[in-house]
Amino acid sequence: QGQLVESGGGLVKPGGSLRLSCAASGFTFSDYYMSWIRQAPGKGLEWVSYISSSGSTKYYPDSVKGRFTISRDNAKNSLYLQMNSLRAEDSAVYYCARAGAGIDSWGQGTLVTVSS
Amino acid sequence: EIVLTQSPDFQSVTPKEKVTVTCRASQHIGSSLHWYQQKPDQSPNLLIKYASQSISGVPSRFSGSGSGTDFTLTINSLEAEDAATYYCHQSSSLPFTFGGGTKVEIK
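The listed protein sequences derive, respectively, from chains A and B. Residues in the first sequence are numbered consecutively from 217, following my numbering. Residues in the second sequence are numbered consecutively from 216, following my numbering.
Hints in this document: simulated from the structure, not taken from any laboratory. Model, not experiment: these values are computed from the prediction. Here a beta-carbon is modelled for each residue, glycine too, at the ideal position from N, C-alpha and C. Worth double-checking, as some hints may not be accurate.
[Said to hold, decoys possible] Rough simulated footprint, nothing fancy, chain A against chain B, three-plus residues with beta-carbon under 8 Å:
#, segment
1, 254 to 262
2, 302 to 312
[Claimed, not checked] Non-contacting residues of chain A with respect to chain B, defined by C-beta distances greater than 12 Å in every case (computed):
#, residue
3, GLY271
4, LYS281
5, SER301
6, SER332
Build out the structure end to end from the sequences listed, making use of the hints.
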């Protein structure tokens, strides 16, 4: 099933930037579309980005479009999320997720807190 | 954007009871509907894919049905370990979306 391990979360001021990383292992990373999904404290799940297996296709919902950038390095089995112009409402646990048939593998999540 | 509406929001259930969670899509999504279980302080876990397909390692008491716009997750003979929040998710069209969740509590 594979393993996904996120890193890079932390406390950042409004307007600041943060880069999340996800290290994948136990499966052929380059075969899979990948996503970032977030969950604000006590709230539901929100999908925030999606990238094709080659990295050529990316998609974002309106809530993060223009501020977040997803990327991947298949040689390093790694997924990234560059988050700029962060807002308080971006505070959440961010999950790295493998988009197979449904989201069939999730990381443990990394917490991002946007606060002054 | 396809909106997924789950019901109920909360359910308190006695062990061995049957639990039914529904998910209604605002547009036709075929069978591109998946179900997840999330226990407190854990990542979500895939329970059912493509509306009714079982997942290896998931207990057989979990099943899914439906197509088009109306979907159901059924837990037969609820066990204490099934206390969790359950989410539906559609992968029919971008942006992918999730339902608001159904919290199942054990009485």
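Hints, one by one, checked against the model:
Figure legend: the segment 254 to 262 of chain B, annotated as covered by chain A; annotation consistent (4 residues with Cβ-Cβ distances under 8 Å, at least 3 required). Closer than 8 Å: that is the beta-carbon criterion, and the segment 302 to 312 of chain B has 7 residues meeting it against chain A, so the requirement of 3 holds. The Cβ of GLY271 of chain A lies farther than 12 Å from every Cβ of chain B, with a closest approach of about 16 Å, so its non-interface assignment holds. A cut-off of 12 Å between C-beta atoms contradicts the statement that LYS281 of chain A is not in contact with chain B; the least separation is 10 Å.
SER301 of chain A, annotated as away from the interface, keeps every beta carbon of chain B farther than 12 Å; the closest lies near 20 Å. At roughly 27 Å from the closest C-beta of chain B, the C-beta of SER332 of chain A stays outside 12 Å, upholding its exclusion from the interface.
When held up to the earlier numbered hints, the structure conflicts with hint 4 and nothing else.
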